Amino acid sequence: MRLRLTPRDTSFFDLLADSASHLVVGANLLSELLGADRAGRKAIAKKLADVEHAADEATHSIMRRLNSTFVTPFDRDDISGLASALDDCMDFMEEAGDLIVLYKLDELPARVSDQIQVLQRCAELTADAMPHLRSMGDLTDYWVEVNSLENQADKIHRKLLAQMFDEIADPIQLMKLKEVVETLELAADAFETVANMVETIALKES
Amino acid sequence: MRLRLTPRDTSFFDLLADSASHLVVGANLLSELLGADRAGRKAIAKKLADVEHAADEATHSIMRRLNSTFVTPFDRDDISGLASALDDCMDFMEEAGDLIVLYKLDELPARVSDQIQVLQRCAELTADAMPHLRSMGDLTDYWVEVNSLENQADKIHRKLLAQMFDEIADPIQLMKLKEVVETLELAADAFETVANMVETIALKES
Amino acid sequence: MRLRLTPRDTSFFDLLADSASHLVVGANLLSELLGADRAGRKAIAKKLADVEHAADEATHSIMRRLNSTFVTPFDRDDISGLASALDDCMDFMEEAGDLIVLYKLDELPARVSDQIQVLQRCAELTADAMPHLRSMGDLTDYWVEVNSLENQADKIHRKLLAQMFDEIADPIQLMKLKEVVETLELAADAFETVANMVETIALKES
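Protein chains in written order, with my numbering: chain R, 104 to 309; chain W, 104 to 309; chain Y, 104 to 309.
Read the hints as simulated data drawn from the structure, not as lab findings.
Note that the structure is predicted; figures quoted are calculated from it, not measured.
Each hint should be verified, as a subset may be incorrect.
Said to hold, decoys possible - Pair by pair, the computed Cβ-Cβ distance ranges are:
1. R:Lys207 with Y:Val174: 53 to 61 Å
2. W:Lys145 with Y:Thr243: 35 to 43 Å
3. R:Ser238 with W:Asp269: 35 to 43 Å
Stated by the list, open to error - Cross-link-like lysine-lysine pairs, in silico, DSS-like; alpha carbons within 25 Å at most:
4. R:Lys149 with W:Lys262
5. W:Lys150 with W:Lys262
6. Y:Lys150 with W:Lys207
7. Y:Lys150 with R:Lys262
8. R:Lys150 with R:Lys262
Note that the Cβ used here is the ideal one computed from N, Cα and C, for glycine as well.
Please take these sequences and the hints and turn them into a complete structure.
And the structure:
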């Protein structure tokens, strides 16, 4: 039997996967929130805030474990960077949901739902990718697909802006909508950042 | 007598502490500016710009010394990263002060002063923490407290947004205020980034 | 004859220089776009999108080569970081051009052209600097000059904001212009980020 003298702490993979799994729940809640009426939205935004809180806890678990672990499966910096990039995705999704409620935006353009669909797909891909960090296999497809989704999000975002400025005459309404739409775009960017970090880690380890 | 062949340059700690001390002065000036009348504000904004300039100088001193020093107390990247993160805190505070003057915002909502109070507390904690980098002790409390202050800043920010959109009918006034309020929120985020970097450095060195 | 057993892949320098050369073309197109009429602008924005696409390809080439190269001339992280920072410069310039067309902004304040001139100069300096990464010589001037250009950009940006809020009464027009002006400012910031990264790399290698 061959001894491994410095067993690498594999539970980081589980913690990152756990953190990413919150993103799927969050993106789905955001989609649900969009379809609900004003009362329903408030309740869903509350749930979204709870998921964001749980995701925060997951991030802190990762940081605490980094603190107490001598050998990590890959660079400490990369693990903490990835954990906080995952956290950013959730933060922007939660913020977007909260703004919709805060600004009492009863009606939103149809393309906002396209933005959220892209986020749902990004969240699923990200959650599916995390367990593959263990073996560093099958990650190129994930990276390519999230980058292409971010391009798609960018196009939707610009069309939405043009449409909003064409159709909405009330500047205050426009300001509110613009902030929601931009926060959703930031969430898509954040998913791309996660994918780029995963790619960089995969490069190093290959 | 025992020789240290590669004495680590401890003056980096003094330079980082010096850089952080400007943040305390800056945050206090911002608070003063808020309480002043239009003429007073202009003079204080000038002082704030001077402090920002001094902070810039402090950042450049750190970068120059990095350039000429062979052995550094911790990673070169971490020192330069931390120096520029400290610089960001100052930049956003100075920008917020400048925007208040630029936009001639005579009256600001009371919650803006709450935002600035959070920044003052963040600046004090950051300045107190820097000297502890030398021994890497007592830094967890700092990190936890700044993270909690950032959460508080985030809540104040969202309440402010809701309030402003409810109470202010003039869209141009709203745009001006929103920019000030968002710049202050970015300053709070920047303090959190500093704290997270310190935490990461502490993890590495522990 | 002396053997180099691990030849460092110098083509990364060519790839980074290639990536930076797109920035010069992009900044010049942006300047051209500003001077054109509405029909001309649409055609130039299309060209700008093509350059942005070519820059994307250049970034991906760098990433792919990182993937397949065992020994790199400097840190993998630094190469990929620099490649994506160069990409950001292009993204913001392309976005600004697209917004001008999207928002049908027939007339823009004169200072917008000052902003773009700064970007043109930043792009030239950046393209000139990249080949010097090979020898790590002559880079301080570049860094100092880009930092000073970014300060200049910041001043133009603030004066523009004050002027726009003074002169433009239509809040929707103001929102459109503000977004263009801010995107141009983000492009200037992105060039500064590239310069700071180059400085950090130079520090490490010196």
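* Looking back at the numbered hints, which does the structure fail to meet, lowest number first? -> 3, 5, 6 and 8
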